[in-house]
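Trainee: Sequence:
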Amino acid sequence: MDARVTHKILICLGSSCHSRGNADNLKIIKDFLKERQIESRIDFRGHLCNEMCKRGPVIEIDDIVFEGITQSNINSILSNHFDKAACI
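Residues 1 to 88 in the UniProt record's numbering are what the sequence shown lists, from first letter to last.
It should be emphasised that the hints constitute simulated quantities derived from the structure, not laboratory data. Mixed in with the good hints there might be a few duds.
[Unchecked claim] Here are the simulated PhoX-like cross-link-like pairs (lysine-lysine), alpha carbons at most 25 Å apart as the crow flies: (1) Lys8 <-> Lys27; (2) Lys30 <-> Lys84; (3) Lys34 <-> Lys54.
[Stated by the list, open to error] Ranges of calculated distance between the beta carbons of each label pair, as one might list FRET restraints: (4) Gln37 <-> Gly68: 17 to 23 Å; (5) Arg4 <-> Glu51: 30 to 36 Å; (6) Val65 <-> Ser15: 17 to 23 Å; (7) Arg4 <-> Cys53: 31 to 37 Å; (8) Lys84 <-> Cys53: 28 to 34 Å; (9) Ser40 <-> Glu67: 25 to 31 Å; (10) Asp62 <-> Lys34: 17 to 23 Å; (11) Lys54 <-> Arg4: 23 to 29 Å; (12) Cys49 <-> Arg4: 14 to 20 Å; (13) Phe66 <-> Ile38: 14 to 20 Å; (14) Ser16 <-> Ser72: 27 to 33 Å; (15) Asp24 <-> His81: 16 to 22 Å.
Idealized CB from N, CA, C, for every residue including glycine.
Please construct the entire structure, taking both the sequences and the accompanying hints into account.
Mentor: Given below as structure tokens:
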């Protein structure tokens, strides 16, 4: 991992999470990171199913799992985590 990377986001792109909203959440996360100019500090990756389909869409930020992610709560989750973190 690059020494400049200080945080990690994993987004489930398995068929259930992807079709239930993570396809849209992917773009929202990218836009959030770009707007704050912190994309180079974040290891942002997709992954396939990790058996949490019933709780999805799922993302993981710095080893904290967030379930039931929607377009209406994703920005709040990202802001609560990264606006308080030392990303820069």
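Trainee: If a hint holds in the structure, say so; if it doesn't, say that too.
Mentor: Hints and how they fare:
1. Lys8 <-> Lys27: 16 Å, holds
2. Lys30 <-> Lys84: 18 Å, holds
3. Lys34 <-> Lys54: Cα-Cα ~30 Å, so violated.
4. Gln37 <-> Gly68: 17 to 23 Å: At roughly 29 Å between Cβ atoms, glycine 68 and glutamine 37 fall outside 17 to 23 Å, so the hint is violated.
5. Arg4 <-> Glu51: 30 to 36 Å: Since arginine 4 and glutamate 51 have Cβ atoms about 32 Å apart, the given range 30 to 36 Å holds.
6. Val65 <-> Ser15: 17 to 23 Å: With a Cβ separation near 19 Å, valine 65 and serine 15 satisfy 17 to 23 Å, so the hint holds.
7. Arg4 <-> Cys53: 31 to 37 Å: 34 Å, holds
8. Lys84 <-> Cys53: 28 to 34 Å: Holds - the Cβ-Cβ distance for lysine 84 and cysteine 53, about 30 Å, lies within 28 to 34 Å.
9. Ser40 <-> Glu67: 25 to 31 Å: 28 Å, holds
10. Asp62 <-> Lys34: 17 to 23 Å: For lysine 34 against aspartate 62, whose Cβ atoms are near 19 Å apart, the range 17 to 23 Å holds.
11. Lys54 <-> Arg4: 23 to 29 Å: 36 Å, violated
12. Cys49 <-> Arg4: 14 to 20 Å: Given about 30 Å between the Cβ atoms, the range is violated.
13. Phe66 <-> Ile38: 14 to 20 Å: Because 18 Å falls inside the window, the suggested range holds.
14. Ser16 <-> Ser72: 27 to 33 Å: Given a distance of about 19 Å, which is not inside 27 to 33 Å, the answer is violated.
15. Asp24 <-> His81: 16 to 22 Å: 19 Å, holds
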